[in-house]
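Novice: Here's the letter readout for the chains.
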Amino acid sequence: MPRTEALESVALVTKVLAVVKRNPQYRLNCHRIVIALVAIVLAIMLLDWRLAVADDNQQDELIKMVADLISGEDKDFRAVGFESVRSGAKSAEATRHFAALLPKLSPESQIGLLSALADRGDREARPALITLISMTQNEAIREAILRAFGTLGEAADVPVLVKSLSASQRERTASHISLKQLQGTEIANAILAVLPTCSAELQSDLLEILADRRETTTMPVMIQAAVNKDAIVRTAAMRALSKIAGPEQVAGMVCGVLRAETGRERDEAERAIVSACLRNPDVTAQAAPLIQAMQGLAAADAAVIVGTLGRVGGPDSLQIVETWIKDSDAGKQQSGLRALCNWPNASIVPRLLELFQQADLPATRAMLLAALIRVAPLPDERPNQERLALLEKTLLLCQENDDRNRVIERARAIRTIETLRFLLPFVENPVTSEKACGSIVELAHHRDLREPNKLEFDKALDIVLATSKNAESLERAKRYKIGQTWERPKVTSKQ
Amino acid sequence: MADDAAKLDSACEALKAYNWGADKNALQPIEDAIVSTSSDAAARAALEARLIAVLESDVSRDAKDYVCRALAVIGSTASVPSLATLLAKEELSHMARFALERIPSVQAADALRAALATVSGDLKVGVLSSLGNRGDAASVTQIAAALGDADSKVAAAAAAALGSIRTPEAAKALAAAKPIAAAMSIVIDSRLACAEAFLAQGKMEDARAIYMLLVGESNPKLIRLAATRGIQTCLEQKR
Amino acid sequence: MNHGTSSTRREFLKTATGAAVTGVFAAPYIITSKALGDDTTPPASDRIVMGGIGIGNQGGGDQGAFLGRGDVQYVAVCDVRKKWRDGAKDRVNGRNKNSDCAAYNDFRELLARDDIDAVHIGTPDHWHAIMVIEACRAGKDAYCQKPETLTLREGPLMIAAARRYSRIVSGGSQRVREDFNNLVGPCWNGELGAIKSVNVRDFGPLSQLCNLPAQETPADIDWEMWLGPAPWQPYNSGRCDGNFGTGGNSWRSYVDYSGGSLTDWGAHLFGGATFASDVCELQPTAAVFHKADGQLGAYVTLTYPNGLEIHHRRPDQLKPEGPQIDGGKIQIHGDGVKRDPKPAPGYKGGGGIHGDFIHCVKTREKPFRDIELGVNTMVALHLLTIAYRLQRTVKWDAATQQFPGDEEAGRMVDRARRQPWFLS
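Respectively, the protein sequence lines represent chains P, W and A.
Under my numbering, residues 2 to 496 are what the first sequence spells out, in order.
Under my numbering, residues -9 to 229 are what the second sequence spells out, in order.
Under my numbering, residues 197 to 620 are what the third sequence spells out, in order.
Isolated chain P (complex conformation) (with noise of 0.2 Å):
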């Protein structure tokens, strides 16, 4: 029984002490009334107190028996061990008697009692990983001590996960993780304190976790990182403010696509503030904070923002982009068709055909057309015949094989049987075949589109068994054919 029932027993005498206090015929028995509930409450406590001090031993056995499991030979029954210290005992000092024990196991066991520890949560184990981190140079353990500064942790605890970062790649893993899992408010600035100090790469390390930390309040320095003079810092943080940023820190951002290097490091820039952008939920507005931005910009930078507008589109921006289109300056001109080609959807479509069939120079041609290609199949409203014809139409304006191989690997992105039919002439130009059959096998892939046709395309999988000479190409034909899965390769990168 709780002791909490005790003391109601306590105060429910009282209160029937107060009715007899009221009531003359019951007051010829108080004392024996009196006497009487005092001795039922005595024995309820009595009671109360004999089952606390029964809970006492259960625990105290428990924490025995856990600790005998774990330091015992056979990983089976030590698992078990761990089983209780991570949902069992809840108290602080189980967890202290269980922390206590870690000096004391075997190298294997002292990994799984950290584990075990981590998963439990109760950061009263967290000097025993001070201590314990001190002592030991092993690697395995000190891994498992960093994973469990994740969740026993503190703000006090960076400087160590920090310095982690440089050590082992299973430390370094380890810190990583336990970095973004610390839990507290202040462990951002703890960041922030140790940032200056650190190298290119560990800055970069460092920004990523804030922003997987979604620390809002590290924005600004996040923006001032995307102008430093190390493209590695500068790449860590235009990634990082993709991840959290929104439409206030577009103005700011813009430096850092400016300060960008062209090629890879600009690209991301510019993909990071459309990120910005489009996390405004006023779809009409996404574009403003940018077009805004621009108007202070010099020239030379105006060009190279008004591509990123084109990556954003929307209404505003296509005004704009026109206008540079049509400008007599030729290098705006030339900026303002880059942007229409960014443009994120079909919608410009017609204005692309119309600017392809004014174009001139091959270059501006190439662009446009490619352009075309991109966006022809982008899953949008639009019917899949819709997109299936105007990719057609596209196939019909280009002139050498490579667009037209484009325009083949495409078609993949339109997954309706039309799309087969389509591909079917092209397997048997050697020039375009190997392509076409990339595109089927891809197509086959999605079973709700394979089974429901599955004449014409074991047809079509027959062709490509006959004809490609590509390794991945034919399994997978073999695999579909007969109904089976095929794992796609995992594509692994930082981003």
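The set of hints was computed from the structure by calculation and includes no laboratory data.
Predicted, not measured: the structure shown is a model, and the values here were computed from it.
Glycine included, C-beta positions come from ideal geometry on N, C-alpha and C.
FRET-style restraints, in silico, Cβ to Cβ:
{"#": "1", "chain 1": "A", "residue 1": "D522", "chain 2": "P", "residue 2": "K460", "range": "29 to 39 Å"}
{"#": "2", "chain 1": "W", "residue 1": "S0", "chain 2": "A", "residue 2": "P511", "range": "31 to 41 Å"}
{"#": "3", "chain 1": "P", "residue 1": "N346", "chain 2": "A", "residue 2": "A540", "range": "22 to 32 Å"}
{"#": "4", "chain 1": "A", "residue 1": "Q587", "chain 2": "P", "residue 2": "L379", "range": "34 to 44 Å"}
{"#": "5", "chain 1": "A", "residue 1": "P511", "chain 2": "P", "residue 2": "T198", "range": "50 to 60 Å"}
{"#": "6", "chain 1": "A", "residue 1": "E420", "chain 2": "P", "residue 2": "Q138", "range": "56 to 66 Å"}
{"#": "7", "chain 1": "P", "residue 1": "L425", "chain 2": "W", "residue 2": "G125", "range": "57 to 67 Å"}
{"#": "8", "chain 1": "A", "residue 1": "N502", "chain 2": "P", "residue 2": "E488", "range": "31 to 41 Å"}
{"#": "9", "chain 1": "W", "residue 1": "E46", "chain 2": "A", "residue 2": "E420", "range": "20 to 30 Å"}
{"#": "10", "chain 1": "P", "residue 1": "E457", "chain 2": "A", "residue 2": "D512", "range": "25 to 35 Å"}
{"#": "11", "chain 1": "P", "residue 1": "L450", "chain 2": "A", "residue 2": "E420", "range": "29 to 39 Å"}
{"#": "12", "chain 1": "A", "residue 1": "E420", "chain 2": "W", "residue 2": "S142", "range": "12 to 22 Å"}
{"#": "13", "chain 1": "W", "residue 1": "G125", "chain 2": "A", "residue 2": "D512", "range": "36 to 46 Å"}
Given chain P, work out where chains W and A should sit, using these hints.
Specialist: Leaving out everything else, chains W and A in the frame of chain P:
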């Protein structure tokens, strides 16, 4: 409505000639009727009666298979006698259980229990498992009697059924069991299942008593592991 | 406390290796260089000894993933079809450069081997529960392909067996963690706020009754064993091989062996949706059936104890007030109220979901797709199925694993298994 009735008539006729390879779409009106009679007891009883009539007639194994599947969903006490007659038939016993196991009435359990006396071997295994799946506490005595069966599959099925029922009486029967060696591991597994049921009901002393008997060194490691984990769980429970 | 008295293969190898060095051990056991390990392969005493059960389509893929690991010693295969059994055996022997791989028709013989630590199971769904439970009873850890269960009753029994014997049991949907990162990130990092609703748009039909005609049973299949606990039906190749899709040309299409595409792809998509929205440790409280309305088809909404709603193929798209993320097959929306980020769980060890399982077999931690999480996803899918079949709303009590006061739905919790197979 008249149209639906005509379609159902036609489907019931098709069912009489049903066999593997026949067009199952012809039976769709029966499927539709199963759904549409959900809140119309009289219509459902009428449908059940038509299906029972097919079950009792000279139709293919596949047609009877189909009826048993339907009775698993809509069958009532009315279906029990017809289904019970199939329990001892090698080819149809399973599908009879397929229906009887899901019919909640006491009579369905009685029929299964009564069949224990008439079937043996694999058919008995099936009947025991159905009583276990129903959690039929009233059958503990009859099931326990099969624990000593010379057929290890029957003894194991009896133990498993008691492990599914998990009442104190089932636990007692398992504790007293002296099955042939091949069924011993499932007896112990069922005792562990009973201990888990006691734990879930807060009867820690009863649970612990079972675990303490199984934690000794003479038991296989896997059983000791299970018992150790059980004792630990008992200690984790607040009084 | 002395917990282990019986000698295991691993202990034997350790002892033998140590003794051989000191020259005490004189038994004719030859310690090969392979057994001792090298730079890329741990010594045999540290490798996980594995076997595979059901080595067809997906089982073959799993076999490849485990076979390719240096820390796995693959020793046995089991399949009721000779051509797959032999092919799988040859793959193992080719990889191990010996002829030691054993091949079994009956999974119980494989499970009876003392030297095997873990199995992977890639059979049709009607075998999963029995095999996982038997594996646990035999002291094996198990990696089981999704869909983990065929009925609602199977899940708790599988979990109980895993917990009872402290076994590592992992479900087999790799897509839960790998395919929906674009959703998992914004949900777990707090960007969407509290998740309010999800729409799972894709994946198709329920499984159906099979009534294919009888064909002559080929000599290379043990048909009785293939059927196992499922109702007896005559052999037809369309039941058990050919296309593994759900269009009526394989076991995946039929109710005795599978829940159809709804549980097949559903395991991935609802697994992903419940993981992204952080309810994978919960079971729904109801499956609410919405009748077809004009142009809009019928659909079902799962409600969760925390108020989350997961719609299945809701025809009118969610147009919420708060932020949303559209991942194509899955659309998620939250209330937009900033929430502290929470690190999303991931695989332990290296090598995807298979590596996660092997890591956990070694460390005895819970795997990413612990059987309980797989079962919770399956419960959601079984509730969807039952609501569609009954064409009405059903309520679910996760604590009792029953449909309270709903006898009709209660009948669909399980089905009788064909003797001599049973589940307990």
